[in-house]
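Visitor: Keeping their order, the protein sequence lines are chains A and B.
Numbering of the first sequence is given in this note's numbering, commencing with residue 103 and proceeding in unit increments.
Numbering of the second sequence is given in this note's numbering, commencing with residue 12 and proceeding in unit increments.
No lab work stands behind these hints, which were simulated from the structure alone.
Please note: incorrect hints may appear among the correct ones.
[Claimed, not checked] Chain A is nowhere near these chain B residues, computed Cβ spacing over 12 Å in every case:
hint : residue
1    : F71
2    : D282
3    : E458
[Stated by the list, open to error] Cross-link-like lysine-lysine pairs, in silico, DSSO-like; alpha carbons within 30 Å at most:
hint : chain 1 : residue 1 : chain 2 : residue 2
4    : A       : K333      : B       : K225
5    : B       : K366      : A       : K163
6    : B       : K36       : A       : K401
7    : A       : K401      : B       : K37
8    : A       : K163      : B       : K37
9    : A       : K152      : B       : K366
10   : B       : K366      : A       : K154
11   : B       : K225      : A       : K200
12   : B       : K156      : B       : K127
13   : A       : K174      : B       : K126
14   : B       : K126      : B       : K62
15   : B       : K366      : A       : K185
16   : B       : K37       : B       : K225
We put the CB at the ideal spot given by N, CA and C, even for glycine.
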Amino acid sequence: MDQQQNIVIHILEFMESTSSEEKDFNELALRLYTYQYQNNLPYQSFCRQKGKTPRMIKSWKDIPAVPITAFKNITLSCIDPEKAEAVFMTSGTTQGVKGKHFHPDLRIYDQSMTSNFKNRFMQGVDRIRMGILFPTEEEMPNSSLAHYLSLAVQEFGTAESHYLLTEQGIDIDRLLSELQRAEETGEPYALLGASYSFVHLLEELTRRGKTFSLPSGSRVLDTGGFKNQSKEMELAEFYRLLSSALGIERSACINMYGMTELSTQFYDSGNETIPSIKSGPHWIRTRVINPLTGEEMPKGEQGVLVHCDLGNFNSVTTILTEDMGMETENGFLLLGRVQGTEAKGCSIAAEEFIKTASKGASE
Amino acid sequence: MREIAGYLPDIGETALEMKVLTFSKKGETVEAEIPLLTKEQINRVIEKVKKASEEVLKSFSVSDMIRIIDRAIEQLLDRHSPYRQKAEKLLPIVTGYDEEIIRLGLTSYLKTFRKKGLQRFLSEDFGNPLLLDDFQPCIKGGFSKAIGPNLITHIWAGNVPALPLWSFISGLLVKAGMIGKVSSAEPFFSGWFAHLLVEIEPRLADCFAVVWWKGGDEEREQQLFEQSEVVIGYGGNESLQSLQNRMPVTTRFLPFGHKISFGTVSKSSLDSRKGWTTVHQAALDVIRYDQQGCYSPHLFYVQEGGQVSPRDFARFLASELENFQTRHPRRELSMEESAAAAGWRQREELALFSKPGHEVLGNGANDWTVVYEENPSSFMPSALNRVVKVIAFRGIEDILPTIAPYRSFLQTVGVAASPAELFLWAEQFAKMGVTRIAALGSMTSPEAGWHHDGRFNLLDLVYMVDIEAAAEASSEQFAPYVD
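All chains, full assembly: derive it from the sequences and hints.
Guide: This is how it looks when you write it as structure tokens:
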């Protein structure tokens, strides 16, 4: 337990420092690697199979990346998962199994979220009136996004901040009156929530023929993509509509890229151009790799994203995503999901097999 | 390089919309230019083909057809012929497979369609192939004739080179007019074959067409389905289902879905002398077209108790795959395929913790993966592209329950075993829905006259016309020579 406390303190200090020296990042990443290797046996077995014991590893870039599907199949935790203060679960499932991310306590998660959010979303403002297009933390206790948004309201929202989702969907009357109020009073207003809820919101506003012109300083934070929850929309179209319906600049429409499997989020600086450049704070680093070799793709070429998040002290720092991306000067471009492969020939592809087989079983 | 794909009969049309599909491999690019017909143009093709089928094709005898096909195949087997050279040059770029694999694969595949193979096809299905030319006496009495449809539509799929030839040639043998839709993954071969046939026998010019449209183009498909007597479709179950849902009840639909095949290796083939050959054969089945064929193995069941243990088999197989990577490297994978192959291996590596006896073998570049498992517990397809499992078993009864639920997917089992075991196992696998038992090392080359997915290649295409014995007998009383 002492070891864990020491590590937590070390990470908190690292987060507070403004430095992002390669050497310091590396040192802490390797320390966490050794800790996770020793205290997480399934991970240890995975690393040994790859021939990567702590002694072999000199750079954070060599830490074996765990594919995010592993969060569904094995317990990735250095402590007894029963003792975790919070368990965040993925919304997506494979054959009914959700990915689980165990957090012994939320000090690091909360610290990571708040200092990053303050910097990237609040941009010098202490508090803002917020409307949340997502269920509350009580309604969704295993959602990392619900926790994230509740933290946003608590730390950065004014007392009048509120949730706009009911069981029937968006509380459109409340939303309209909030938007109208902001227009009239000139007090900046922030809407935060899942991207698909914004699509529903846009549909509702179009249906009612309403547009607004929110006061300057107003802003939007969307996250998570559309996930079959609403109609798919081209990102450029999405932000164009959002900007014209609410009367805010596209530069004030911030997209957050986060994952249940991480403890830290990425943001862009608005969506004037698509795709926007995403970046994170100094305690998370991203590589764009060729999934076959694990080697980094040359700058400007597409590959799969691997994140090394020092906030992930209890699970694994380094995860292999299913997101395509491209490295840029100040961060990376997010280019969508790696699509499932279709069979090239006439042999069955695993995906089709699973789909058909599980259909057969349930019939 | 730009090459025209497809084949059209003369429909008196000069203005055709051409669709260009681009392929590249290691800096070389091929553009396939293929006509995309309008609804009206398709209608004219349908009319033309049906007419030619009735008036021209049906006037040929079966031996004429054999002779023409045999001559076309002869040219495709001849490495000096322009068509063969074009195939050897372009197909590696289009499909991405290694040049040697394609060269060897084409030869071994095309050999099946020489005269003797074609005769085998015919007698396999008809006994007496003259049934396709004339009414022939039946054993039960009376006479029968087999008639091929005036129009078969083929929906071809996949990137395994030349695969459409199975159904193309089957249709020719029963003298059917045909319209084939090529896959955008390999749009060339069937068009070349059509041109070659017409060069050999110009009277066939209007008897078939090879075209392309985007899969799921319901308007074009509907039109064809309504006018075809038989539609042969290849693809995943989902797309086949969608075709079937749109098939008029008067059109016979023959779907060939994606399949899964595997190898079964007896301990009798694993002594210190033969063991190595057995492993080599298994590796060959894996690298040929990188497991993309329906007959390609996803996994090998290897029996315990031989001098080469299943674990050693897995390790030897790994080293064979590593050797082959130098000689016949794997096709270059897309980012999606790369992620799938790597993801599959990583999942197996993560599972090692809960399955300590298992092994995951692979090289740093992820060119291939062999997973060893100690007992047959789950039956799952591999990620393909040289990713394979080796699973130890004691007796055949250990395997059967794991494959039983997947009956509708099973196709080929590659077997290395003694004669007694071969028949015993064949009996068991047959009950599970397996339709082909092949020699290990020959899984990817089905022999002439095989029953594709257990069906008849030719018999399923035709309809029979009977003259009943009574009709024949009663006609005698009206003969001019009657006493």
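Visitor: So, for every hint listed, does it hold in this structure?
Guide: Each hint, compared with the structure:
The Cβ of F71 (chain B) lies farther than 12 Å from every Cβ of chain A, with a closest approach of about 30 Å, so its non-interface assignment holds. No Cβ of chain A approaches the Cβ of D282 (chain B) within 12 Å, the least distance being about 31 Å, so the stated non-interface status holds. With a least beta-carbon separation of about 18 Å from chain A, E458 (chain B) lies farther than 12 Å from that chain, consistent with its non-interface assignment. Of the supplied pair hints, the one linking K333 (chain A) and K225 (chain B) holds, its CA atoms being roughly 24 Å apart against a limit of 30 Å.
Under the criterion of a C-alpha separation no larger than 30 Å, the hint pairing K366 (chain B) with K163 (chain A) is consistent with the structure, at around 28 Å. As the CA atoms of K36 (chain B) and K401 (chain A) are separated by approximately 22 Å, the hinted pair is consistent with the 30 Å bound. At most 30 Å may separate the alpha-carbon atoms for a hinted pair to count; K401 (chain A) and K37 (chain B) meet this at roughly 20 Å. At roughly 29 Å between alpha-carbon atoms, K163 (chain A) and K37 (chain B) fall within 30 Å of each other, so this suggested pair holds.
Note on K152 (chain A) and K366 (chain B): the hinted pairing holds, with a Cα-Cα distance of about 16 Å set against a maximum of 30 Å. Under the criterion of a C-alpha separation no larger than 30 Å, the hint pairing K366 (chain B) with K154 (chain A) is consistent with the structure, at around 20 Å. Straight-line distance between C-alpha atoms of K225 (chain B) and K200 (chain A) comes to about 37 Å, which puts the hinted pair past the 30 Å bound. Distance hint between K156 (chain B) and K127 (chain B) is fulfilled; the C-alpha atoms sit about 23 Å from each other, no more than 30 Å.
At most 30 Å may separate the alpha-carbon atoms for a hinted pair to count; K174 (chain A) and K126 (chain B) exceed this at roughly 56 Å. For the suggested pair K126 (chain B) and K62 (chain B), the alpha carbons sit about 28 Å apart, so the restraint of at most 30 Å is met. Only pairs whose Cα atoms come within 30 Å are accepted, and K366 (chain B) paired with K185 (chain A) is accepted, the gap being roughly 26 Å. Proximity of K37 (chain B) to K225 (chain B) is assessed by CA-CA distance (about 27 Å); at most 30 Å being required, the pair is judged to hold.
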